[in-house]
Each structure stands twice: as structure tokens, then as C-alpha cells.
Amino acid sequence: MPLLRETGEAVADAWTILPDDRPVPAGGAVVVSLKRWREERETLAGRDAPLGVLLPSGALASDVAPDLQRLGLIALDFPKFRDGRGFTVARELRERFGYTGEIRATGHVIADQFPLLVRCGVSTVQVPDTAKLDQWQAALGTLTIAYQKAVAGEELPLSLRRFKVA
Amino acid sequence: MTSSTGPVGLYQYDAVDREFVHERVEQFRGQVERRLAGDLTEDEFKPLRLMNGLYLQLHAYMLRIAVPYGVLSSTQMRRLAHIGRVHDKGYGHFTTRQNLQFNWIKLAETPDILGELADVNMHAIQTSGNCIRNVTTDQFCGAAADEVIDPRVYAEILRQWSTNHPEFSFLPRKFKIAISGSPADRAAVKVHDIGLLAKRNAEDEVGFEVWVGGGLGRSPFVAKKARDWVPEADGLAYLEAILRVYNQFGRRDNMYKARIKILVHELGIEKFLTHVDAEFARIRGPKFALDPELVAAIQARFAPPPLADLPGHCPEFEAAKASDPAFARWVATNTVAHKAPGYICATLSLKPIGGIPGDATSEQMEAVADLADRYSFGEIRVAHEQNLVLAHVRKDALHALWTELKAHDLATPNIGLVSDIIACPGLDYCALANARAIPIAQGISERFADLDRQLAIGDLSINISGCINACGHHHVANIGILGVDKKGVEFYQITVGGNAGIDAAIGDIVGPALPAEEVPAAIEALVNVYLHYRKDGERFIDTLGRIGIQPFKETLYAAAA
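As given, the protein sequences belong to chains A and B, one line each in that order. Residue 1 is where the first sequence starts when you use our numbering, and the numbers rise one by one after that. Residue 1001 is where the second sequence starts when you use our numbering, and the numbers rise one by one after that.
Wrong hints could be hidden among the right ones.
[What the hints assert, rightly or not] Taking lysine-lysine and the BS3-like style, the derived pairs with C-alpha atoms no more than 25 Å apart in a straight line are:
no., chain 1, residue 1, chain 2, residue 2
1, B, 1257, A, 80
2, B, 1199, B, 1176
3, B, 1486, B, 1553
4, B, 1176, A, 80
Hints were generated in silico from the structure; no laboratory data involved. Because the structure is a prediction, the values reported are computed rather than measured.
Chain A on its own, in the form it takes in the complex (with noise of 0.2 Å):
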């Protein structure tokens, strides 16, 4: 499935998100569940190669939070494009526990919601195969105004002075 960033550029993978039931690889950047993690964490945490967390829908960013250090990526599931709960985690792993690592969304997210997961401090989208990329670059440069402050453009404070996010 393609990968955009944050800029809407595609991007090559480098990371394999591993089902419960698939042994962990020694090397290679691997995303495991948060239940593997809880449940392996000390083998996990010593192996030497990258290593990510999936949050399922309903999981809190603090969760992970004493982990953040060791955790490359955090992947955010979106089961149903509506389910906005996400939008807070991204926002709450950036902004309250100063995550500095990817987030990445995946599952079902639209192009439509592109420009306010990167607002919310999301780096990548998961897409599906079948997307037209175009439209979801387009996406980004749609609306060019914000009128509150999200983690994109952290410098000025909440100020409702209308600023261009595109």
C-alpha cells in the first residue's frame, strides 16, 4: 500500500507491520501490536533493530508513553474513517509527551481527513492501493487557512490570528 508524508510525497516503507501470529525477525524495522508489546516487552525491547507499536482504536497516547524512547514509529489504527479518535493521540504523543518519531495512520482514513491528521502531528498515511494520489496531494492544498493552532506550526501560540497551514 502506498505511503505518503506529511508533504505528500510517496514514500518507500521501510517498516513491516507484523500480525500477532508471525515470530518477530531479528533484524528489519517491525510494527507489532500493543498487546505483543505489553506481553514481550522486555525480549522486544532488546532487540537491535527498529521497532514500532500499532495502537488499536481506544488506545490512549499514554499507553505508550514510558516506552516513547524506544519506539521508532507509533501506527494508529483507523477501523472506520469516522472514528476521530486518533486525531487526539497523535495530537496528545506530540504535544503532551513530546514524541519527535513517525506517526503513522492506517486503515481507513480518506483523503479528505489527509490535511487535518498532518495538523494533529501524523508524518505518514497509510493508503489504499487503489487511491488516486493525486487527489490526495490535492487534499493538502485545499483549504489554505487554519484558524486555531494544531501541532503543525507549533512556534506561535493560540491566537486565532487566521494563518496559511498550505
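Dock chain B against the given chain A, drawing on the hints supplied.
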């Protein structure tokens, strides 16, 4: 003040606001095209069109146009009249959310309609969908004599903050915020997801009393007090904290349990507030503080209109009342004191006897626009009771205004009386409704057609909803009427004792639902019980409070039997 800000008393969009609205129109045009090309499924398109105010109803699309905090200019009203004439059937419907709905819209025409609205700085953004909806307030804001804080300033700040909010556009369910700046609370703040009462402390600083978890619908709740005082600067941070807790913990497994009121109810207010307080403690501070310069800049946009320096006593006005009893009666019911001497706020009733509550024809909208230009600085308000308001009328011109209003059937002297009925569109239009609301309103209105009798009955609210979603706010009416479906037949459940004001209360069910044809007589029977027991000066709600529901129950079911 530069010319780009336009007339005072109305927030005029500047170049940035206009650019945003136009971009949003183009965004929606693109979404419609992607839907038609199959790049968006109907399931994916639905919330996008809803966030642009477009519903699919029983017979056609309905477009719900935002009237932010219920204030609009004569130019905007003329544009609504034009759209009604060209794209609808020559009328529109003002709603309890202070918005305007057109009920006969073609999907293909909507991007153009939105473009026509954008030309006069209007839109339909977030009038539906699981997002923060149009913020509502007191229809007499900036004018009422009893006002402490002008709520428009904060309503506009909330409008900006909530517009396309990146984190809160896919909430568990819709989210409604109301704000009042007067102790009388004409905005029904305690039956909203968040209700704000703007007030001043002993140091004359502005802050908010915050209420949370109110709402009507299937599970009605009066809101709980979250904080007695949130300083102005922290207002948005506190709202962000509430919304963030709701977005994380609100139920998404059952749409009927997804509103914040259910979360507050299930967690309990203490536990809910523990989460909110923790979030608030983290996020309050410079980044989320509301900049006093910004507040001042928006306040300047809402400066009072150039009111003349008039004496409080107006001999012409007093003489007109003395010589024209019909005028005097209209003044008694349809006006409210203005904060400036020599001025008064006038309510234009959209509840003519036997009419459809909240409906206005394109001709009436144009007439109101002209009257607003001549009598009230070109400014109009929509009341959540589905009437219109000219807020700054000179007392010495009021008789002339009233005379003109009569010619347009906008002078029914019934504000607050038994025929000032709130009703949702009901089964005549709405895909959700179980029963019709409009004919019930018409039937009651005709039964009480005698205006002298209405005046003798006094202050009494009747609200009608065509289904449990309660768009007609039946729970908070003195007499509430709820349409239900019993095996394909329309029945109506009656409640008494609701109140939408500062003493908000949910009404109690009187007894089994009644068939449509018995409703007007049943309402009359309830009114007669009140008149029988009434003591001097008591309103319906006072008498009910004193004698209890039982006499009403007995009479209603004796009458219906």
C-alpha cells in the same frame, strides 16, 4: 476603523475569512465530483456533505445554512430570499439552532448555492455532522438591558476556533455549544453539550461559568456545572480539554449513546471532571491562552451601532400606545427593553395563527431586510424560538415599524404566548420523523386563535417534536408534544413542566400518547386546569409547580376518554 470592517454591530468577514469560505466551496465541489466519479463511497461522502449542511430528506435534499449566533445583515437576508425563490419554492424555515433551512434543494445546484452564499460571507459549514455545530446565543445580544457581557464576541471566537478544527471534526456525535451573557439565559445553555454563562467577577474581569452534558433527544439531561469560573484567557483551553476527553472516551458503539451527556452520565460528573481537569492543567498556559488583543479586536467589530442620544421617556411612543390598543398589546408581548435610552428590541413573529412555525416567504425576508435597513441599522437576528428580531429600533419609530410589519403578516402579538409554538419540520419533510409536527402546531394555534384569550392565559411555551431526536425541544417546554409512531399511526405524547431558561427542567409525561385529532383539545384541557387553579400572577409553570401534575393528568384523561 477601516472600511473593510463595514457597519458596526456585525462581524464583517475580511479577506482571509472570505478566502476560507470560497476555498471551502471549491473543496465541496471537488468532493461532489469525486463522489460522482466513484472515488468516494456514499458512506464516505455522507459526513462530508453533512459538514456542508446538506441532508437527504424524505422528498429532496435539505440545505441548512449557518447563521452564526443568529445574527445576519439585510444583504444576507436578501440573498436568502433570492436563493429561496430561485432554488427552492419561495420560502425558507428558521430553526431552533438559529439557522435557516431550505427543504427543496437539488444536489447538483448545491455547489452553486454555496457559491452564492459565499459571495455574501455565508456558508453551511458545520451545520450538521459529528463536529462542533453553529454556536448559538441570545437573540438580544448586544442590545438587551439586562446583558452583562456581549456574548457575540465569544460566539465569534468559538466560531473561528471550531471551524475545521483538525482534532474535533470526527467526534463520536454532534456537539452543540450555547453562550449567554445575561443572567436571564435566553440561549437555553443548560440543554447544550456545553453551555457558557459569560459573567464578571468582583474585579470586573470576564470569565465563564461552564455547564456540560446537557441535551435533549432520546435521553434528556439538564447540564451539570463543570466550573463556576474559567477566566476569559483560559476559555478555549478549557473547551479543548472537554472536547479532548469526549473525543477519547465518548461512546462510538451506539449512536444513541454517543453524545457527551451519556459520557458524563455514565462516568459521573466527578470522574468526568477529573479527566477534564487533568487535561486542562496540562494544556492551559501561553500556547492555548486567548490573546486579549484578539478579544479586543473582535469586540471592536461588535461595537454598538451609532445610536442617537435620546431621552429614556418617549412621548410619541407613549401617545401611540395610549391611542392604539392593538399597538400597545403588541408592544407588551413582542418587545424587550434595550440598554440604550429611547430604543427598544422588537420581535417579528413567524407564528401567525394557523401558520407554519419558523417559515418565512422570500417576500417576507425581503420586507424584513428593507425594514432592518430603515429601522435597525441593517441588522437582523434569528431567535431560537424561530422568530426574527430587529434589535435597535427607536421607540418613536416603533409604531411606524409595527404598521409596516402588519402589512407583511409579521406582527402577530404572540411572543411567549400559547401560539408562539416551536416545531420541527416533522414528517412533512424529515427522514427521521415518526409523526408530523406542523399540522399539530397549526391545529393548536387555530384553537387558541383569539389573541385576547392568549393574553389572558399568559406566558406559556408549547414545543413540538416529530420524533425522539427532539429538534422541537419538546422536553423543555411548559407543554411538550412528542410525535410517536404506533403501528403506522401518528400519536402524540404530552409532557408538562419543562423549562428552557436558567431554571432548566425536563418535562414529565402526563400519560399515554393521544391521536393527532385529540391533541388541540387536550392542550386546551391542560390550559383550563391551569386557569382554574391559577392564583394572582402565576404563570402556567408556577401553578403546575404548586399543585403538581395530578390535576392535569386527571383532567386530560377524563377529557380524552
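Structure-based check of all given hints:
1. Only pairs whose Cα atoms come within 25 Å are accepted, and residue 1257 of chain B paired with residue 80 of chain A is accepted, the gap being roughly 18 Å.
2. Simply put, residue 1199 of chain B and residue 1176 of chain B have alpha-carbon atoms about 20 Å apart, close enough for the 25 Å limit, and the pair holds.
3. Taking the CA atoms of residue 1486 of chain B and residue 1553 of chain B, the gap is near 21 Å; set against the 25 Å cutoff, the hint holds.
4. Distance hint between residue 1176 of chain B and residue 80 of chain A is fulfilled; the C-alpha atoms sit about 23 Å from each other, no more than 25 Å.
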